[in-house]
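Visitor: Chain residues, written in single-letter form:
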Amino acid sequence: MSALERLAKMDRRVMYWAMLLLIALPYAVPLGLPMQISTYSTEFKTTIDALAPGDVVLVSMDIGLGSVSELGGGIIALAKQLSAQGVKVVAVSTVAEGSLVFDQYFRPVLTSAGYGYGVDYVNLGYAAGDETMIASIAENMREVYSRDYAGNDAASLPLLQAADDYSAYRLVVTFDAGTATGFYARQWQAKYGTPVLSVPTAVNFSYFYPLYQAGSVEAILNGPRGCAEYEQLIGAPGLANQGIDALSMGQLVVIAFIVLGNVAFVGERLRRRKQ
Amino acid sequence: MSLINRREIPIAIGVAACTLVIASYFTDNASLASASGSLQLWGIIIAGFATLLGLFSYVAYNGRQIVKKRSVYSGVAVASALGTIAIGLALSPSSSQYSWLTSNILTPLSMSVGSFIGFFIVSAAFRTFRARSLEAGIVLAAAAMIMLKNMPVGEYLLPGVLPLGNWLNDIVSLGGNRGFTIAFAVGAIIAGVRQILGFERGRVAK
Amino acid sequence: MIPALESWVAIGLTVAVLSYVLYRENPAYRMAEALFVGISLGNVVVMAVRSLQSSGMNPLLGGNLTLAIPVALGLLLFTVYSKRLGKLSQWPVAVMSGVGVGLAIRGAAHTYIYDQIKASMQPVIIWGDPMATLNAVLVLAGVVSTLTYFLFTVEGGAGGARVKTTGRYFMMLFFGAMFGQVAMTRITYITGRAQLLVQFLTSLLT
Amino acid sequence: MIQRIGVLALLIFILAATLVSLYAGSKGRYRELRRIPGLEVIKEAVGRSAEMGRGVIFSTGSGSGGLNSDSAPYHLAGLNTLGYVANLAATAQTPLTFVSAYPELMPLAQDTMRDAYTVAGEPEAYSDAAVQYYGKGWGYASACMGRMEEERPAAALWLGIFWSEALLLSETGNAVGAFQIAGQPDSVNLPFQIASCDYVLIGEEMFVTGAYLSGDKALLGSVFAAEATKVLVITLVVGGAILSTISVAWLSQLLIAGGV
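Residue numbers (the working numbering), protein chains in the order written: chain A, 636 to 910; chain B, 18 to 223; chain C, 49 to 254; chain D, 281 to 540.
Hints are computed from structural coordinates only; laboratory data are not their basis.
All values derive from a computational prediction rather than experimental measurement.
Mixed in with the good hints, there may be bad ones.
[Unchecked claim] Covered stretches of chain D, as calculated for chain C (at least 3 residues, CB under 8 Å):
1. 437 to 444
2. 456 to 470
[As the list claims (entries may be wrong)] Which residues of chain C face chain D? A partial, calculated answer using Cβ under 10 Å:
3. Ile50
4. Glu54
5. Ser55
6. Ile59
7. Glu81
8. Gly111
9. Thr114
10. Val119
11. Val141
12. Leu195
13. Phe200
14. Ala206
15. Arg210
16. Phe223
We put the beta carbon where it would ideally sit given N, CA and C, even for glycine.
Generate coordinates for the entire structure from the input sequences, incorporating the hints supplied.
Guide: In C-alpha cells:
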C-alpha cells in the first residue's frame, strides 16, 4: 500500500488526538490572538445600553449544558451589563437544562451585584411545549408558571406579579441552541412588536440571519466569536476570549486534514493514471 | 367497526385542533385566541403523560435486557433514571442533591458526549471533502472559507478573508438559503395537510 | 493542591467518555453511556412531570375543570398496551399533532415563505452601485434557481436542467458555508473539555 | 377582524391547491416525479442488510420538539417512510429497530409497523419491542450509538429532523459500516449528514417520499400543489424585483401591509 493510500485510509484516532492536543494548547499557554469587532456585536451592546434602571427584560435560557462552552462568556457578560444598569430580569427556558445554566452562570453575577430574588430577578425555570409555551406566556405568564423553578408560589414573587404578560417586558434576550429565536420572532415580535435579541450558537447564526435581515430579530451575536467581541465591548474579556483562541486552533486542524485528504485523493489519482 | 377503531375520529380531532390553531393566528378574536391557547396548553399536559408512557417502555426494554442478557449496563441505565426521578420529584429539581447530580454528573457526561461532534467533524470532513466533482469542490471551498473567516488568526493567514467570507455568508449563500427554506416550508405545509387528513400513513405500507 | 471531589468525578467521567473516540469502545465507556442515558432521561421525566403539575394538575385541582379533558386524553395514551383498546391512544396523539401541524403551517407560511418573498423583492439594478447590483442579482438568481431545482414534475428541457444544476450549486455553496459556520459551534464542545482537563492537570502539578 | 391578510391569502392558495390536487390525483390526473436517488436506494439498502444478516435502524431524530411543536410534519414524514421500510424489512426478513426521541411517536410507529408487517404477510415477525425510547437530545443520540455498536446494523435511515445529534448518529453509523440515507429540512445540520451519509434527501425531497415510494395517485396529485406554489413564489419574487427596480412600489407595499 503506497504512502498516499495509507494517508487516505488514516485511522480516525490520529485526527481525534491531534484535535484534542492542539485545542488544549491555548489553555495551557495563552496565545492572545488579536480580533476585529463586528457590527453585529456593537449593535447588540448599544441596544442593551438603551435600557433604563427598573426596566424588565425576559431572559430565555434555551441552551443545554453542552452549549455553555460556546455561550458561557456571553451569558456572564450580559448579566454584568444588565446588573450594572439596574435592569430587572425574569428568566424562563424551553430546554430542560436551561434553568440549571441560568443558576450556574447568570445568577452569581446578579447576586454579587446585590440583586434580591423575587424583587429584582426571578428564575421560572423550564416549561414543556416549546412554541406552545412561548405563545402562552406572552398572553398570561402565570397560566404556565403557577410556581417558579424553586417551587415558590407565584403569589410570593412581586416581580412576577408586575410582569405578567408581554406588555411588561422592554425586550427578550434568548440564548439559543435551537429554534427559540424563531418562536419568539413569531409569537412575541410578530404578534406584539416586542424586540427580540438572539445569542445563537454559531450553528444557528446563519439559520436566524434571514430573520435578523427581515427585521424580526432586533440584534444578534455570532456565536462564541460574538460573545468574545461583546466581552471586549463591555471591557470584561473572560471565558469567551480564552475559548476563541482554542477554537481557532480547532478549526485550523479541520482545515489541515481537509487539505491532507485532498493531497491523498489527488495524489492517488495521478499515481493510478501513471500506471 | 366499533367506535374505538374508526380512523375518522383521530382525523377529526387533528383537523379541529389544527384549524383552530391556524385560525387564531389570523384573527384578533379573543375567544379564538384563548381556545387556541388552551389547546396548546392541552398539548403540554398530554406531552407530560406521554413522557411517563415513554418511561414505562424504557424500563420494560431495559428490564428485558437485564433478565435475558444479564446486562449490567441496562441495570445502570434503569437505576440511574429512576434515581434521578426519585430525587427530582421527592426533593424538587432545585434541591442541592439534584443540582449536585446535574452539575457534577450530568453536565460532564453531556458535554463529553457533545464533544464527539467536534471530533466527528474532522473525520467526516477528511473522508468526504475531497474535490472529486465541481459540486464537492464548492462545498469544500465554502466551508474552508467560512472557517478561516471565523478565526481571528484567519485574517492574518489570508488577508481580506473577513470581507470575502462575510460576502459569501451574507450574500452569495442567501439565495440558496432562501430558496431551500421556501421550498421546504411549502413541502411542510402540504405534507402537514396530507398528514392531518390521514392521507399519508396507512397508504405507503400497501 | 488536591482538587475537590467534584472535579475528580468530572474528570473521571470525561476520560471514560472520551476513551470511546481516543481509544475504542470499552466497559468504562459503556458504563458512562448507560449512566448518561439514564440520568438525562430521568431529567426529561422530572421536567415533564413538574410541567404537568404546574400547568395541569395544580390548576385542575384549583378548580379549572376544563383541564380534566387533556388529563383524560393523556391517560388514554396508556391504552396502547391493550389489543382491543389500542386505537384509543391515537386520540391524544391526534390533539398533539393537530396543534403541532397547525403551529408549523401558520409559522412556515408567515416566517419561512411570506417574509422571505417580501425580503426578496429588492431592486435588481441599483443605479451607480455595481457591487450592490451584483449582490442583488446573485441573491435573486440563487432564490429562483434553487426553487426551480425543487420542481419535481417540470423538466424544462436543456435550459431547465441547467437552471436546476445552478440551483444545486447555489445550495451546495450555502451548505458549505453553513458547515464552516456550524463547525465553530461544534468545536467549542471540545474546547470546554480541553479547558477542564488542562485546569485539572495544572491544579495537580502546582 | 382579520389580521395578516397577505399571509392568509397565501395560505388559502396553498390549502385550496392541495385539496383540489389531492382530489384530481385520486381521479388519475397527476404528473410523474423526476428520479430522486436517495429514495431509489432504500430498497437496495434493506436488501443489502438482509444479505449481510445485519439489521436496519430507523429514527426521525430529536430536533426542536415532538408532535406538539412545529417539527410535527417532519416526524410524521419520517414515520410515513417507516411504513415502506417496514414492509421491505418484513419481506426480506431482516430485523428493523425504530428509535423515537419523543414518546408520543411510539403509538404511531407501532401502529405503522404492525400494519406493514401484516400487509407483508409476516404479522408474527413484528413485536412492540422494535419501537424504543431513550429520551431526547444527546441522551437519545448516545443510546442510539450504543445500539449501533451492539447490533452493527447494515443500513441506517435518518428521516425526520436532526440537530446537533445528526453527526453523532451518522458518523457512528459510518464507523460500524452501515449504508446510510438521511433526509431532513434543517439547513443547519443537513451539511453534516451530507458529509457523513451515503445519500441525502435535501429539504423538500423528503416530503414527496410517500408519493414517490407508494405511487399512490392522490399523493402524486398533491405534489402539483407544491409545484404551483413554487411557481407562484418565483413569479412574485421576480415580478417584485423588477417592479421595485423601476421604483414601482405598490406590490411590495401591499405585501408589507398584508404581513402585519
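Visitor: Would you pick out the hints that fail for this structure and give their numbers low to high?
Guide: 1, 3, 4, 5, 6, 8, 9, 10, 14 and 15
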